[in-house]
Amino acid sequence: MVNALFVVNTVAAVLLYVLITLMIPIFQQERAEHGATSAWSLLWAITGWIGMGLVVITGLVAIFPEFFIWFFDMGPDRAAIASELLRVMAPALMLQGFSAMFTAILQVHGRFAGPAAVGVAFNAGILVGVILGASTLGITAAAWGVTLGAVLQVALQLPQFIRESKAGGGLRMAFSHPRLGSVAVLAIPVAAASVLQQVNSFTDKLFASSLEAGRNAALSFANALGSAPRTVLLFPLLAPLFPLIARFFAEQRRDEGVDAFRRAAGILALVSIPLSILMLIGASEISQVAFGRGKCDTACVGEISAPLAFYGIAVWGNFIGYLLNRTLSAGNHAREIMVATIFTVVLTIGLDLLFLGPLEQAGLALASAIAVYVNAGITLWLLRRRTPQLSLRALATQQGRVLAAGIVAGAVALIPAFLMPADTGTFWGAFAWLAVVSLVGGAVFVLLARLLAPREFADARTSLRNLSFSRRR
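Numbering (my numbering), first residue to last: 1 to 473.
Hints listed in this document are in silico derivations from the structure and should not be mistaken for laboratory results.
Keep in mind that this is a model prediction, so the values were computed, not measured.
Positions of the beta carbon are idealized from the N, C-alpha and C atoms, including for glycine.
Worth double-checking, as some hints may not be accurate.
[To be verified] What follows is a list of derived Cβ distance ranges for each label pair:
hint, residue 1, residue 2, range
1, Phe-235, Met-420, 54 to 60 Å
2, Phe-64, Leu-354, 21 to 27 Å
3, Ser-391, Ala-174, 40 to 46 Å
4, Arg-254, Val-130, 32 to 38 Å
5, Trp-381, Thr-462, 49 to 55 Å
6, Ser-201, Met-420, 35 to 41 Å
7, Ser-201, Asn-123, 17 to 23 Å
8, Ser-182, Gly-214, 35 to 41 Å
9, Phe-64, Gly-119, 52 to 58 Å
10, Ala-155, Leu-354, 45 to 51 Å
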């Protein structure tokens, strides 16, 4: 089930990245240069070809699932089960692809509530499938749940998409546009970068499977915890900012685009740096609270917390790196993104091989953390070459002030934590430790951030308020 779901999620992740990366800046640029009618015509042409491709891919997966499962070397019995599960989930590929197109189009037009809720709809579908079918279908119920979740993703966004499409003359099918060829050329490096990003996920699973039993699962659990801040905070925060930066760049308002980037970087630093520090110093306690029940004993918690600490260190770099990636995309600099991605993938695999022996699954997480910051550095350098208006000194000063506030807050938060009884091997002991550290550290960080980075603090407060309001709507 895990490997079949990995295939579905990988294809969906590639499509979502490519479509949002391409369609938002391309639509903004086409509208600025040739008008809204031409922009919608280009969008329908892209949608037509993407839709045709999704139908073909879904058909291939449904007819030949064994080919895609072959890459995992699972043995004949498990491969047969995984192939059947993948065949059940094949429609989810097409549906999630259409959901990704809806997400990109809605975000172009400032509609963020629907796209922000698709993850909830997907997980709800899986849950319903498991609850209703587990007793009769077994593990196949989860596969049907994946397809149901994809249906809910489309159903959630379809009404908004139909309303927005009326501005472009209503729903229609098209396969041609004068600038469709240039879009296809631009899509090549974007798609290559997206596929390469998934390579590291595959190699991590491959390398972790060579370790003792349970280490692969521990790495997956740590990765799930480490990626939670991106899912919960990064993507919703950047959803309204990326179309804005893309519009500034499309309209040749680079100074305003750079200012929007700088403000976004300040917001992301204020959100990500305290999370990075908390996950670093509280990796064991977070693992205990999340998984330290049932069969996951102290040794199991330790196997999860070791890689989680490194994934925590990478949270800040992931937030800033994603913003840099999106800003390059806004300027249609896809080649630079591909160059940075190729270097990072090769570096990550090399570091995996270097750290796997001495550090086991924690070494894979350390390799990922190092690669995240190297990628951010390369992307920043490439962005600076394309955007001379960006001041590296001002950006470093901004991030440094927030980092200083986070380090001091983390150090202060540890003082009462050391005075508490060292009973963090239980759920409530770990929960109490995290509560004290979070409350004390959070209060100190807010005070220092208001003092050291007042403008960034005000921007972050406004963005979080707007995010909360959009979710209520």
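Outcome of the hint check:
1. Phe-235 to Met-420: 54 to 60 Å: 35 Å, violated
2. Phe-64 to Leu-354: 21 to 27 Å: 37 Å, violated
3. Ser-391 to Ala-174: 40 to 46 Å: 43 Å, holds
4. Arg-254 to Val-130: 32 to 38 Å: Because 50 Å falls outside the window, the suggested range is violated.
5. Trp-381 to Thr-462: 49 to 55 Å: 30 Å, violated
6. Ser-201 to Met-420: 35 to 41 Å: 38 Å, holds
7. Ser-201 to Asn-123: 17 to 23 Å: Given range 17 to 23 Å: holds, Cβ gap about 19 Å.
8. Ser-182 to Gly-214: 35 to 41 Å: Once the Cβ atoms are compared, 50 Å apart, the range 35 to 41 Å for Gly-214 and Ser-182 is violated.
9. Phe-64 to Gly-119: 52 to 58 Å: 29 Å, violated
10. Ala-155 to Leu-354: 45 to 51 Å: 47 Å, holds
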